[in-house]
Amino acid sequence: KQEVTQIPAALSVPEGENLVLNCSFTDSAIYNLQWFRQDPGKGLTSLLLIQSSQREQTSGRLNASLDKSSGRSTLYIAASQPGDSATYLCAATGTASKLTFGTGTRLQVTL
Amino acid sequence: DTAVSQTPKYLVTQMGNDKSIKCEQNLGHDTMYWYKQDSKKFLKIMFSYNNKELIINETVPNRFSPKSPDKAHLNLHINSLELGDSAVYFCASSQGRGVNYGYTFGSGTRLTVV
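These protein sequence lines are chains A and B, in that order. For the first sequence, my numbering gives the first residue as 1, with consecutive numbering after it. For the second sequence, my numbering gives the first residue as 1, with consecutive numbering after it.
With the rest of the complex left out, here is chain A (with noise of 0.2 Å):
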């Protein structure tokens, strides 16, 4: 049964740091891993979908990186803006089509 956990479960960091965000995942065959931004009270949104036989994705000031033989992805957001404060959720695709989902980083980007 896959489990996806996500670190840190909260992060605050001032406005223009880069920060890491932290997937890991205990079943490496995925088809595929997916990160999703949840504003409050809001849908999932996505950022970022690697490929099980891609290293990483880029999208803006976003990069996310997948290690399948680890277990491991990591979301890099460049140049943090107050306007990036939301939940980050990472998701698993495995068989049946079954999205494993992370428990999210909960981020406040302060001015």
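One or more of the hints may lead you astray.
Label-pair ranges, simulated between beta-carbon atoms [what the hints assert, rightly or not]:
{"hint": "1", "chain 1": "A", "residue 1": "P40", "chain 2": "B", "residue 2": "L27", "range": "22 to 28 Å"}
{"hint": "2", "chain 1": "B", "residue 1": "G28", "chain 2": "A", "residue 2": "S28", "range": "27 to 33 Å"}
{"hint": "3", "chain 1": "A", "residue 1": "R61", "chain 2": "B", "residue 2": "G16", "range": "46 to 52 Å"}
{"hint": "4", "chain 1": "B", "residue 1": "N100", "chain 2": "A", "residue 2": "L11", "range": "28 to 34 Å"}
{"hint": "5", "chain 1": "B", "residue 1": "K22", "chain 2": "A", "residue 2": "Q51", "range": "30 to 36 Å"}
Pairs of lysine-lysine residues, derived as DSS-like cross-links and limited to a Cα-Cα distance of at most 25 Å, are as follows [said to hold, decoys possible]:
{"hint": "6", "chain 1": "A", "residue 1": "K68", "chain 2": "B", "residue 2": "K44"}
{"hint": "7", "chain 1": "B", "residue 1": "K67", "chain 2": "A", "residue 2": "K98"}
{"hint": "8", "chain 1": "A", "residue 1": "K42", "chain 2": "B", "residue 2": "K44"}
{"hint": "9", "chain 1": "A", "residue 1": "K98", "chain 2": "B", "residue 2": "K40"}
{"hint": "10", "chain 1": "B", "residue 1": "K22", "chain 2": "A", "residue 2": "K98"}
{"hint": "11", "chain 1": "A", "residue 1": "K1", "chain 2": "B", "residue 2": "K36"}
{"hint": "12", "chain 1": "B", "residue 1": "K44", "chain 2": "A", "residue 2": "K98"}
{"hint": "13", "chain 1": "B", "residue 1": "K52", "chain 2": "A", "residue 2": "K98"}
{"hint": "14", "chain 1": "B", "residue 1": "K40", "chain 2": "A", "residue 2": "K42"}
{"hint": "15", "chain 1": "B", "residue 1": "K44", "chain 2": "A", "residue 2": "K1"}
{"hint": "16", "chain 1": "A", "residue 1": "K98", "chain 2": "B", "residue 2": "K41"}
What the hints contain is simulated information worked out from the structure, not anything from laboratory work. Predicted model only: the values in this text are computed from it and were never measured. All residues carry an ideal CB built from backbone N, CA and C; glycine is no exception.
Dock chain B against chain A, hints included.
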């Protein structure tokens, strides 16, 4: 707009009632899902349909019954609502098993059972 849309956005109801949540996607995807986000914000899959066929049915009470009239719609009907059913329910869709393009989520339905 191309999207996954859910209705209603908020639902407050009494224990014992029966209610439905509707979901529609206009992305042309062939797989749809229902996820439940509990009070601790943990998201867990409930059901998945591919071309109107049930492919995932997690350990969910049989008071919950999904219905897929066509591949663009996946509704969730809940009988005899209980306090513990209070949560945010998210609908999602993907093309195939979400391998190539991932998932698209709706904005959620916040269900409160009183």
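Going through the hints against the structure:
1. P40(A) <-> L27(B): 22 to 28 Å: holds (25 Å)
2. G28(B) <-> S28(A): 27 to 33 Å: holds (31 Å)
3. R61(A) <-> G16(B): 46 to 52 Å: holds (49 Å)
4. N100(B) <-> L11(A): 28 to 34 Å: holds (31 Å)
5. K22(B) <-> Q51(A): 30 to 36 Å: holds (32 Å)
6. K68(A) <-> K44(B): Holds. K68(A) to K44(B) sits at ~22 Å (cutoff 25 Å).
7. K67(B) <-> K98(A): Holds - the C-alpha atoms of K98(A) and K67(B) are around 19 Å apart, at most 25 Å.
8. K42(A) <-> K44(B): holds (17 Å)
9. K98(A) <-> K40(B): holds (20 Å)
10. K22(B) <-> K98(A): holds (21 Å)
11. K1(A) <-> K36(B): Holds, because 18 Å separates the two Cα atoms, which is no more than 25 Å.
12. K44(B) <-> K98(A): holds (10 Å)
13. K52(B) <-> K98(A): holds (17 Å)
14. K40(B) <-> K42(A): holds (15 Å)
15. K44(B) <-> K1(A): holds (13 Å)
16. K98(A) <-> K41(B): Within the cut-off at roughly 18 Å; holds.
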